[in-house]
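Asks: One line per chain: the protein sequences are A and P, in this order.
Quick note: the numbering used here has the first sequence finishing at residue 145, numbered continuously throughout.
Quick note: the numbering used here has the second sequence finishing at residue 1407, numbered continuously throughout.
Just so you know, these hints were derived from the structure itself, not from any lab.
One thing to keep in mind: the hints can contain errors.
To be verified - Covered stretches of chain P, as calculated for chain A (at least 3 residues, CB under 8 angstroms): (1) 1087–1100; (2) 1232–1242; (3) 1318–1327; (4) 1336–1342.
Said to hold, decoys possible - Here chain P is said to cover these stretches of chain A; the calculated rule only asks that three of the stretch's residues, wherever they fall, bring their Cβ under 8 angstroms from a Cβ of chain P: (5) 55–63; (6) 71–83.
Even for Gly, the Cβ is constructed at its ideal location relative to N, Cα and C.
Each chain, letter by letter, is given below.
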Amino acid sequence: MNLNEKVSRRTFVDYLLGGGLAVWAVGFMAPVISYLWPAQRRGPSVQTVPAGKESDYTEWQTKMVAIAGHPVMVVRTPQGFKAFSAICTHLGCIVQWDAGRKQIACPCHAGFFDVTGKVVSGPPPKPLTEHGIAIVNGEVLVKST
Amino acid sequence: MPRLSHRRVAAIRLIWIATALVATALPARAGTLSCTGCHDKALVAQFTECAHAQAGLTCVDCHGGDPKAADEKAAHAPTNFSRPKDKRAIAELCAKCHSDVRKMNPYGLPTDQLDRYKTSKHGEQLYDKNDQKVAVCTDCHGVHDIQKVKSPQSHVHPTHVPDTCGRCHSNEKLMAQYSLPADVVAKYKTSHHANLLYGKGDLSAPTCVTCHGNHGATPPGTKEVGQVCGKCHGRQRELFEKSPHAEPAALGLFSECVSCHGNHAIQKASLDLFAVACVQCHKNDKKQLSVRDAVAGVIRKAGNEYQAAASLVRTATVRGLATDEEQLLLQEAKTQVTQLEALQHTLTPTELQPAAARATDLFRFIRSGVAELEQVENWKRRALIPVWLFLVAMAGLFWLKRKQVGR
Chain A
1 MNLNEKVSRR TFVDYLLGGG LAVWAVGFMA PVISYLWPAQ RRGPSVQTVP AGKESDYTEW
61 QTKMVAIAGH PVMVVRTPQG FKAFSAICTH LGCIVQWDAG RKQIACPCHA GFFDVTGKVV
121 SGPPPKPLTE HGIAIVNGEV LVKST
Chain P
1001 MPRLSHRRVA AIRLIWIATA LVATALPARA GTLSCTGCHD KALVAQFTEC AHAQAGLTCV
1061 DCHGGDPKAA DEKAAHAPTN FSRPKDKRAI AELCAKCHSD VRKMNPYGLP TDQLDRYKTS
1121 KHGEQLYDKN DQKVAVCTDC HGVHDIQKVK SPQSHVHPTH VPDTCGRCHS NEKLMAQYSL
1181 PADVVAKYKT SHHANLLYGK GDLSAPTCVT CHGNHGATPP GTKEVGQVCG KCHGRQRELF
1241 EKSPHAEPAA LGLFSECVSC HGNHAIQKAS LDLFAVACVQ CHKNDKKQLS VRDAVAGVIR
1301 KAGNEYQAAA SLVRTATVRG LATDEEQLLL QEAKTQVTQL EALQHTLTPT ELQPAAARAT
1361 DLFRFIRSGV AELEQVENWK RRALIPVWLF LVAMAGLFWL KRKQVGR
């Protein structure tokens, strides 16, 4: 293009409009392309949350993981893995593992739960909510419900 | 084989049917149902619904008598028919089965109820003083309408226990004879415990029997009912034992839980309790009241900070910010704040400090976390300005183009 050539106002507006439409088309098409592109990541995080490798756990070892802002306790029992909401059903304190008793204990009012989540003693009115567990390729996955 | 004629086949069938009818009718006559011939139908209907009838027991198992007898006199002949002559006889009659391990084993029921009953106030009155006004098995469990304890229809189901006890303990005339108050059940119904039971349907909430015992006396290791609270509120009891109040309580100078919290009309503990409970004993004791103020101050500060942090996280979540981490921190902060409420039973401000300090740290992390999320959100909002400018410019260009085309 000859730089000395004078660009008319009409052509200048056409350039701007064309460029603007191109930017708009890219913005419009980007989510469509990303939808059509093969998935690179795991699905929604609410389905399962990784809680480490199966081999990382010894018998009666526990680990805390977070699911959607809520703590969940994973414990390996001789019968297999178990996962419970770590929020006490009494006043909502975060429960802890009592290795001596092999029970889940609430530090606030000494409520105790067994490894099936049932209340053993203390004021909690309900058992702990149990979460599903899946072992996939040696990885412990905690289900959100 | 010779073929039978139609008449003979019909006759054989008739004989079979008649035999079957007689066979089914006989046990009924020999069992409970023969009593129904004379006794109240409603009473019999009530009994057939009760736990004993469902376990296969009949009238005869408790009352004796001869259901095969044709007339009333023979059916109630004194040789085998008996009606318990007093309350002691009722207890002994129930114990005939309920103290028999072989009979109770299939139902998983304990067999020490009578022995335990004898150690209770009711039992002592009956066995030591032959007081026929005290409660015995049937006064609480019912007579012909006994249900399993877990059945919501049972008189001793948790939701019915206060009213069952209240049948006697709300009777002013009766209670006056024992110098006992008759307003305990009415008071209980205004309590936090009753609110849990009736309002929230929490069947583990304490009723009369949780503290006072049912068949037996108060649980082992308790000198007075106030100490029973530790059965459920174990952590508070443990911390109370470390407090300066433990010694005077052990000496019997005051009732360890009841003095501050009350008993039947117990309310959910709040900071307001500090204002009314402590002055009962320490009215003009500035030194002790300053300890109270220090302890209450730590709890109040942490509680207010928790409310502020919870509100901050809630607002951020509603705005669509990803507050997962802050929610976790808030949960941990709640644990610390709730622990403070238990730790105050030590009445030692230094015992509260670690949890209070941890809570303060957590609140700081929450505030800075939310501030960071808000900063990113604000940056994103500012980034929208060029997009809006672009859209406005495009609209202007389309307008210009339309003008040019129109010329």
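Asks: Decide, hint by hint, whether the structure agrees.
Replies: Each hint, compared with the structure:
| no. | hint | result |
| --- | --- | --- |
| 1 | 1087–1100 | violated (count 0) |
| 2 | 1232–1242 | holds (count 6) |
| 3 | 1318–1327 | holds (count 5) |
| 4 | 1336–1342 | holds (count 4) |
| 5 | 55–63 | violated (count 0) |
| 6 | 71–83 | violated (count 1) |
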